[in-house]
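With chain A's structure known, arrange chain B on it following the hints.
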Amino acid sequence: MKLLNHTISYLAAILFVVITGWAALLYYNLLDEIYDSLDDGLGNYKMLIIQRLEQDSTLLDRQGFGEHNYAIKPIKAPLALAQKDVYADTLMFMENEQELEPVRMLRTTFRVADDFYELRVINTMIETDDLIADLLYSILWLYLGLLASILVLNNILLKNTWRPFYRLVEQLKNFRLERQEPITYEKTAVVEFKALNQAVARLIKNSTDAYLSQKQFIENAAHELQTPLAISLNKLELLVEENNLTGEQLRLLSGAINNLERMARLNKSLLLLSKIENKQFSDEEKVNINALTKQLTEDFEEQLTYKELQITLQEEGQCEVRMNPGLANILLTNLIKNALIHNRQGGFVNITITPDQLLVANSGSNKTLHQEQMFLRFKHESANRNSTGLGLPIVKAIADLYDFKVRYSFEEQHHFTVVFNPASTEK
Amino acid sequence: MKILVIEDEPDMLDNMVRSLEEEKYVVEVATTFETASEKIHLYQYDCILLDIGLPDGNGLTILEELKVLDATQGVIIVSARNAVDDRVAGLNLGADDYLPKPFHMAELHARVKSVLRRRKFAGNQHIELGNLKINPEERNVFIDDELITLNRKEYDILLYFISNKNRLVSKTALGEHVWGDQVDEADSFDFIYSQIKNLRKKLKEHGSQLEIQAIYGIGYKLVQA
Chain A
1 MKLLNHTISY
11 LAAILFVVIT
21 GWAALLYYNL
31 LDEIYDSLDD
41 GLGNYKMLII
51 QRLEQDSTLL
61 DRQGFGEHNY
71 AIKPIKAPLA
81 LAQKDVYADT
91 LMFMENEQEL
101 EPVRMLRTTF
111 RVADDFYELR
121 VINTMIETDD
131 LIADLLYSIL
141 WLYLGLLASI
151 LVLNNILLKN
161 TWRPFYRLVE
171 QLKNFRLERQ
181 EPITYEKTAV
191 VEFKALNQAV
201 ARLIKNSTDA
211 YLSQKQFIEN
221 AAHELQTPLA
231 ISLNKLELLV
241 EENNLTGEQL
251 RLLSGAINNL
261 ERMARLNKSL
271 LLLSKIENKQ
281 FSDEEKVNIN
291 ALTKQLTEDF
301 EEQLTYKELQ
311 ITLQEEGQCE
321 VRMNPGLANI
331 LLTNLIKNAL
341 IHNRQGGFVN
351 ITITPDQLLV
361 ANSGSNKTLH
371 QEQMFLRFKH
381 ESANRNSTGL
391 GLPIVKAIAD
401 LYDFKVRYSF
411 EEQHHFTVVF
421 NPASTEK
Chain B
1 MKILVIEDEP
11 DMLDNMVRSL
21 EEEKYVVEVA
31 TTFETASEKI
41 HLYQYDCILL
51 DIGLPDGNGL
61 TILEELKVLD
71 ATQGVIIVSA
81 RNAVDDRVAG
91 LNLGADDYLP
101 KPFHMAELHA
111 RVKSVLRRRK
121 FAGNQHIELG
131 NLKINPEERN
141 VFIDDELITL
151 NRKEYDILLY
161 FISNKNRLVS
171 KTALGEHVWG
181 DQVDEADSFD
191 FIYSQIKNLR
201 KKLKEHGSQL
211 EIQAIYGIGY
221 KLVQA
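If you're matching them up, the sequences are chains A and B in order. Using UniProt numbering, the letters of the first sequence map in sequence onto residues 1 to 427. Using UniProt numbering, the letters of the second sequence map in sequence onto residues 1 to 225.
Check each hint, because a few of them may be wrong.
Claimed, not checked - If you want a taste of the chain B side facing chain A, the calculated C-beta under 7 angstroms gives, among others:
| no. | residue |
| --- | --- |
| 1 | Asp11 |
| 2 | Met12 |
| 3 | Asn15 |
| 4 | Lys101 |
| 5 | Thr172 |
| 6 | Gln195 |
| 7 | Ile196 |
| 8 | Lys197 |
| 9 | Gly217 |
| 10 | Ile218 |
Derived from the structure by calculation, the hints contain no laboratory data. Note that this is a predicted model, so its numbers are computed, not measured. From the three backbone atoms N, C-alpha and C, an ideal C-beta is built for every residue, glycine too.
Isolated chain B, as found in the complex:
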């Protein structure tokens, strides 16, 4: 998988590249509008992370160029502006997602994976992890080909963990991903624990090889036994 990160802030770029490389993606970078424009014309990418606040041009123009090129890669806009207009304009210009800064790395991975799944495999790909299989289209989960029933939140949590396999997922990141804006007070994350407990129980009952480990004070990590 080839990913292009267009970002002018060196530290931000470094973070994203490091984290993405750990997932074994091939990562290329562009720090200016010029180089970004050049790269999208020369190469093919599976996913592009686009900061629209570039010093030498509006990132939205890149989207327009991509549209003309009729390339099939997914685009995730990354922006510190979090303006409704930008989001709407970006999505209208063919972007797949909009990720406002600051974000959790876990969130970035979840979004990238989701875009790759949708774009690359037209959403038909099953996610397989040991004896667990997920059909994202149908939101179905199978363990050893047996369908297990998860409620909406449990499914979202599981998918988020799977997108961040072997990576530490903080309670906040998980809470914000699954419950959105409702949870923005740290002490209200406690309820997440009982959700995790339920999910663990269901996974264990059906003999899944996946284990959700608690990392004290920070969050959880999904590992394959």
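So that you can see chain A by itself, here it is in the shape it has in the complex:
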């Protein structure tokens, strides 16, 4: 739920309670005031009638209310003496409405000479059910009106006020450390938002600095290692060429050379990763994936034959991608190489090309591999100590550079998919 709506829902509940309470209070106060003035009127009327009766005693014999709003009947003295003035609500038949309507009635006693009489004075009264209905409606309208105006206010004023916040959130959602896209902060007068902007700016700066220095470190380290690696490797090679070495000495030297070579490969891969991430491959041209794949599978021929692998290339369309040709080569080479290395003797590699994706399926171990870890650096799935563990991360880095999507899935066989145009296929 959005923050705006969240506050509004609270406000609606609170307003409901407050307005209902307020309506009830208003109702009783109003009714009280009405009764008060009605009863005052009846009291006054009573006195006027009694004064009149004292002058004109013939009126005492009148029966019922008739057209008047009072009625008199004689009562016994003890009853009269016991009775006090009583104001009560009662119903009376109204000629004009042809139904019973509420009236306010004052029941009192008085004495003319030695006779006691009971006097009932009435006054029409407001219909409380009508009053309640009226009140209910006006309050409902008030409530709805209030909510509507709050909504409008929120949407216009608050939205405006919160805009810097929402814009910031939107940017943070898409923020990727390696992309180095700057975040723009909207000007705001709100102290909290200012604080938020500053905090985010500081956080991003720290993270970016850390990321850059780490990247720089990897790059420099890899770079600085090149020369000493070259020197050591060449010195050992020179030593091996000395003709007076024993088999055991050669074996030891070959161990050292193999490991130095492994280090050199690792270093090369790390440098390549840094270069990809630093966008140092700027030349782009249209690369035909079909042609490149065909060429590469031919280049891999000897290795395929050695492992007795069946390779099939299924072309469901021509796939052309705008990218650096060198990187295209590395991307495909690494994918095919991966399918080859992690395969079993006599297995298969099936490559399918559609206009916007490349699927490499291969036989291999019969268990599904870690999908998330697949493209992480130095995550060795196999026991192969000689693999650098950087082949797939390089694939991922190239894919990220061009906004391709790479996926791994296991459906009886291992599937690696590169979607070259994820935006259009997801439609």
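What follows is chain B alone, placed relative to chain A:
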């Protein structure tokens, strides 16, 4: 053959000089931009190995100077940077090849020989080794004047071995030279063995005097019987 090695790293320089001298080249060295510039103005070389990361100047400037001098030597850039830009700039300035560090000595020799062949003999020279003759231009191989058919990879392997005659060639060096970036996992070098086997068979069938010896754990060595 006279070779100038321009390299500021003493150990690196020592390695290259030692290895090149074994091939009976006359090797001269320059460790700074200054001396390198001086030497190319004073002497003629058949091949120059140029490290472009010199402390007192950019090696690419040497290339520019060489261009002005209009000398005919071949130049191989040696660099730890392996940057695409450097490679492109270097080759545009007339360098013949670009060798990124670290490299195998066998690779260095193969490149030097290739440059010398191209530069010195305009590529027309036939390589002769016993009764085997190679025409690098046509990529043809003859044994006792009989043309033998080798596939592309077999030819590359043979030429690499010949460039490194009597020298130990590691499986990695051979794999990287012939198959390039595809092979960077040590266990995938095993397939090279079957290639060598085929090549040996063909050489033997045609009565070549060349023999490819296996050196356990490291690689191979081509010797002339």
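Okay, the hints, checked on the actual structure:
1. Asp11: holds (4 angstroms)
2. Met12: holds (5 angstroms)
3. Asn15: holds (4 angstroms)
4. Lys101: Nearest chain A Cβ about 4 angstroms off; hint holds.
5. Thr172: Threonine 172(B) check passes; min Cβ-Cβ to chain A is 5 angstroms, inside 7 angstroms.
6. Gln195: holds (6 angstroms)
7. Ile196: For isoleucine 196(B), the interface hint is violated, since the closest Cβ of chain A sits about 11 angstroms away, which is over 7 angstroms.
8. Lys197: violated (11 angstroms)
9. Gly217: With a closest approach of 4 angstroms, the glycine 217(B) hint holds.
10. Ile218: Interface hint status for isoleucine 218(B): holds (4 angstroms vs cutoff 7 angstroms).
The structure does not agree with the numbered hints 7 and 8 stated previously, though it agrees with the rest.
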